[in-house]
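There are 4 protein chains.
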Amino acid sequence: MKSYIKSVVEINDSKKSRYFALIIQLLILLSIVTFSIETIPDLKPQTIAILGSIEIICVIVFTIEYLLRIYVSDKKLNFVFSFYGLIDLLAILPFYLSFGIDLRSLRALRFVRLFRLLKLARYNKAIRHFTKAISIAKEEILLFLFITLILIYLSAVGIYYFENEAQPEHFSSIFDSLWWAIITLTTVGYGDVYPITAGGRIFTFFILMIGLGIVAIPTGILSSALTRSIEKKEE
Amino acid sequence: MKSYIKSVVEINDSKKSRYFALIIQLLILLSIVTFSIETIPDLKPQTIAILGSIEIICVIVFTIEYLLRIYVSDKKLNFVFSFYGLIDLLAILPFYLSFGIDLRSLRALRFVRLFRLLKLARYNKAIRHFTKAISIAKEEILLFLFITLILIYLSAVGIYYFENEAQPEHFSSIFDSLWWAIITLTTVGYGDVYPITAGGRIFTFFILMIGLGIVAIPTGILSSALTRSIEKKEE
Amino acid sequence: MKSYIKSVVEINDSKKSRYFALIIQLLILLSIVTFSIETIPDLKPQTIAILGSIEIICVIVFTIEYLLRIYVSDKKLNFVFSFYGLIDLLAILPFYLSFGIDLRSLRALRFVRLFRLLKLARYNKAIRHFTKAISIAKEEILLFLFITLILIYLSAVGIYYFENEAQPEHFSSIFDSLWWAIITLTTVGYGDVYPITAGGRIFTFFILMIGLGIVAIPTGILSSALTRSIEKKEE
Amino acid sequence: MKSYIKSVVEINDSKKSRYFALIIQLLILLSIVTFSIETIPDLKPQTIAILGSIEIICVIVFTIEYLLRIYVSDKKLNFVFSFYGLIDLLAILPFYLSFGIDLRSLRALRFVRLFRLLKLARYNKAIRHFTKAISIAKEEILLFLFITLILIYLSAVGIYYFENEAQPEHFSSIFDSLWWAIITLTTVGYGDVYPITAGGRIFTFFILMIGLGIVAIPTGILSSALTRSIEKKEE
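Chains as they are written, first to last, in our numbering: chain A, 1 to 235; chain B, 1 to 235; chain C, 1 to 235; chain D, 1 to 235.
In case anyone wonders, no lab produced these hints; they're calculated from the structure.
Any given hint could be a false lead.
If several chains are the same, the list does not tell them apart, and a pair holds so long as it fits within one copy or across any two.
What the hints assert, rightly or not - Listed next, the in silico DSSO-like pairs over lysine-lysine satisfying Cα-Cα at most 27 Å (straight line): (1) 44 <-> 16; (2) 15 <-> 138; (3) 138 <-> 44; (4) 138 <-> 125.
Generate the whole structure from the sequences, applying the supplied hints.
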C-alpha cells in the first residue's frame with residue numbers, strides 16, 4: 001500500500017504519478033486565480049461564497065497531499081523540515097490559522113497563501129534551472145549589482161543638484177531623486193518625473209550613455225549563467 | 001500545358017516564376033494597404049468605390065492563383081488541406097461569404113482578410129527561418145515564459161499590497177496590477193499607472209533589478225535559436 | 001609643389017596631414033554648432049551676424065580644400081564624381097546657390113548643409129567599420145526587418161480591433177494604431193496612447209512577450225556584424 | 001608597531017585587516033546615508049544635530065585612517081599623491097575647509113563629500129574589474145559613442161524639421177530636439193515631448209529601427225569587455 005502511494009505521489013515517469021502531479025498543479029493555479037479574483041472590489045456575496053468553497057476544496061486536497069507525503073517518506077522529520085516540506089505546510093497553514101485569530105489580521109494572511117505558487121517549483125524544470133543559474137553566478141551578480149547601486153546613487157545626487165531648485169516638488173530630496181534614477185536607468189521612463197533644466201538634461205544624457213551599459217551587466221550575467229546551466233543538463 | 005503552368009506557379013529559379021511570385025506579393029501588399037485605408041473614418045464615397053474595385057481585382061487574381069495551384073498539384077486533396085492551401089482559401093473566402101450573410105457581421109469578416117499576409121510566408125525566407133527557430137527552441141521558451149509569468153504575477157501581487165490603499169483607482173485589484181507589472185517589466189512604462197508610496201517604489205526597484213534579467217531570457221533564447229537556424233542553412 | 005600639397009591633404013601618418021585633418025574636422029563641428037544655434041528662435045541681430053561670419057569662413061576653407069583635392073588627384077573627374085568628392089561639393093554648394101535664388105527657399109537649403117557631417121566619414125574609423133558591417137549583414141537585416149514590419153502591422157490591426165470603440169480619438173484608424181505599435185514594441189512608451197480595455201491590455205501583453213524578441217533581432221544582427229568587422233581588421 | 005599597523009590597515013587576508021576594512025566601508029555607507037538624509041527639506045533641529053554628530057565621527061575615523069596610511073607607507077609623498085591617497089584626502093578635506101569659509105558656499109562643498117564613495121574602490125573587486133574593462137575597450141567605445149552622437153544629432157535635426165511648426169513650444173530649436181532624440185533612442189520615453197505630425201511619426205519609426213541597434217553597440221562592447229576581464233582573472 002505504502003509503496004503504491006509512493007509511486008503515485010513522488011515524481012516519476014509512471015502515468016499515475018503524472019496525472020497526480022497535473023491535478024496538484026491545476027489546483028495550485030485554481031487557488032491562485034481565486035486569490036486574484038478575491039481582490040476585486042465590490043464582489044457579489046454569491047461570488048465570495050463560490051470562491052470560499054473552491055478555497056476549502058484546494059486546502060483539503062493540499063492537506064491530504066501533505067499527509068501522504070509524510071506517510072510515504074522514510075525519514076518523516078527530514079521531509080517536514082525540508083524545503084518542499086515547509087512550502088507544503090506554508091501553503092495550508094494560513095487557512096487553519098485563520099480559524100483561531102481575529103478577522104482583522106486575515107488580510108495579511110491572505111498573501112501568505114501565495115507560497116502555494118512555490119509548490120510549482122517541485123514540478124517545474126525551468127525553476128530548477130533558474131535556481132541553479134543564480135547559484136552559479138551569485139558572486140558576479142552581487143559584484144555588479146553593487147556598481148549598479150553606486151551608479152543609481154550618483155545619478156540621484158547629480159539630478160538633485162541640477163533639478164532641486166527648478167522642481168522642488170519632484171526632486172525634494174535624494175530619496176525622491178533615487179526614484180527618478182531607477183526609472184530612468186532601467187529605461188522604464190513613466191514620465192512622472194523628468195529633468196527640465198538644461199544642466200539636468202545634459203547630465204541625464206551622460207548618465208544614460210554610461211548607465212545603460214552598466215545596468216545591463218547583471219542581466220547579461222544571469223542570462224549567460226542560465227544558458228550554461230541548460231547546456232550542462234543537455235550534455 | 002499543365003507542366004508549363006506548374007513551372008510558372010511553383011517557386012523555382014525561372015524568370016517567369018519569379019515575376020509571377022512578385023506580382024502575387026505586390027497584390028498582397030496592395031490588398032493590405034486598401035484594408036488599412038478602409039479603417040480611416042469619414043472616407044469619401046468615391047474613395048470607398050476605388051478601394052472596393054481594388055479589393056475585387058485582388059480577390060479575382062487570388063482565386064485564379066488558387067485554382068491554378070489545385071490544377072497543377074498531383075494530389076489535389078493534399079494541397080487543399082495543406083498549410084498553404086488553407087491559407088490561400090482563407091484569403092479569398094471572406095469575400096465570397098460576404099454576399100450570403102448579413103451586413104452587420106461584415107466587420108469581423110474584414111479582419112479575416114489579414115490571412116493574406118500569411119500568403120507571404122510561401123515566398124519569404126525570413127519567415128521560414130523564424131518558424132524553424134521557434135520549433136528548435138520551443139521547449140526552452142515555454143519553460144522561461146512560465147517563470148516570466150510567475151514573476152509578473154508576483155510583481156502584481158506585491159504592488160497591489162503596497163499601492164492599493166494609496167491609489168484604489170489604479171490598483172483596484174490584482175488584475176489591474178498585472179497591467180502595471182507587464183508595462184513596467186518590459187520597460188515600456190507608459191506612465192498611466194506608477195507607484196507613489198515609498199514601499200511601492202522600493203518594491204519596484206527590486207522587481208526591476210531581478211525582473212529585467214528574467215524577462216530578457218525568452219527573448220535571448222529566440223534570438224540565439226534564429227542565429228543557429230541561419231548558420232545551419234549557410235553550411 | 002603638387003606632391004607636397006598631396007602629402008598634406010591626403011590622409012597619412014605625417015604630422016602636417018594630421019593637423020590639416022584636425023582643422024577640417026573642427027571646422028565641420030563648428031559649422032554644425034552654428035547651424036544648431038541658428039534654429040534658436042528670437043536671436044539677437046549681432047548673434048546672427050557672428051554666425052553668418054563663421055559660416056562664410058567655413059565655406060571658404062571647405063572650398064579651398066575641395067579645389068586642392070581636385071588639384072592633387074591624378075584623375076580629376078573620378079574624384080569629382082566619387083563618394084567623397086560629391087559630399088565635399090554638397091557641403092559648399094548650398095551656400096553658393098543661396099545667392100541666386102529666392103530667400104523663401106533658403107530654409108530647405110539650410111538642411112542640405114548637414115551633408116558636411118558626412119565629410120567626417122573620411123576621417124572616422126568607426127563610420128568605415130559601420131558601413132562595412134551593414135554591407136556584411138545587409139540581407140539578414142532586410143529579412144528580419146520584414147518580419148518586424150509584419151509584426152508591427154499585425155499589432156496595429158489587433159489593437160485597432162480592441163481599442164477603436166473605446167478610444168476613437170486615439171485609435172481612429174490602423175495608421176494611428178501603427179504609431180502605438182511602434183512606440184510599444186520598441187519599449188519607448190511615451191504614454192500618449194495606450195490601451196484601456198481588458199482585451200486590448202491582454203493583447204498588448206501577448207504582443208510584448210512575442211514582439212520584444214523579434215524587434216531585437218535586426219539590432220542583434222547589426223551588433224554581431226560590427227563585432228566581426230572589427231575583429232577582421234584586428235587580424 | 002609600524003609593521004603591526006601596516007598589517008591591519010593594508011588589504012590582506014588576515015582577520016584584523018578584514019574587520020578594519022569592513023568598519024571603514026560601513027562608515028563610508030553611513031556617511032553617504034547621512035548625506036542623503038540631510039537633503040530632506042524641513043528636518044527637525046534634533047535630527048540635524050544627530051546627523052552632524054555622525055558626520056564628525058566619520059571624519060575623525062577617516063582622518064585617523066588617512067594619517068595611519070601615511071605613517072605605514074614607505075614612500076610617504078608617493079602615497080599622498082597616489083590615486084587612493086588623494087581620494088582619502090578629498091573625503092575629509094571639505095569638512096575642515098568648512099570652518100574657514102563663508103556658510104553660503106557650504107552647499108557646493110557638501111557634494112564634494114561624495115568622493116568618499118570612491119574610497120570603496122579600494123575594497124571592491126567589481127570596481128577594479130570595471131575600470132580594467134573600460135581601459136581594454138576604451139578606443140572602441142569612443143569610436144561608437146561618436147556614431148551614437150552623430151545619430152542623435154541627425155535625429156534631432158530631422159524631428160526639428162518635422163515638428164517645429166506643429167509644436168513650437170516643445171521643438172523650439174535643435175537643442176530642444178536633442179532632448180527628444182536622447183530620450184527616444186535610449187527608449188526611456190518619458191512622454192514630455194513626442195511627435196504628433198504624420199511625417200514626424202514616420203521619421204521616428206525609421207530612426208528607432210536604425211537607432212536601437214546603434215545605441216546598443218557601446219553598451220555591448222562594454223559588457224563583452226567586462227566578461228573578458230573577469231575570465232582573464234579566473235584563469
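Cross-check of the supplied hints:
{"no.": "1", "hint": "44 <-> 16", "in the structure": "neither (39 Å within a copy, 66 Å between copies)"}
{"no.": "2", "hint": "15 <-> 138", "in the structure": "between (37 Å within a copy, 24 Å between copies)"}
{"no.": "3", "hint": "138 <-> 44", "in the structure": "neither (48 Å within a copy, 41 Å between copies)"}
{"no.": "4", "hint": "138 <-> 125", "in the structure": "both (20 Å within a copy, 14 Å between copies)"}
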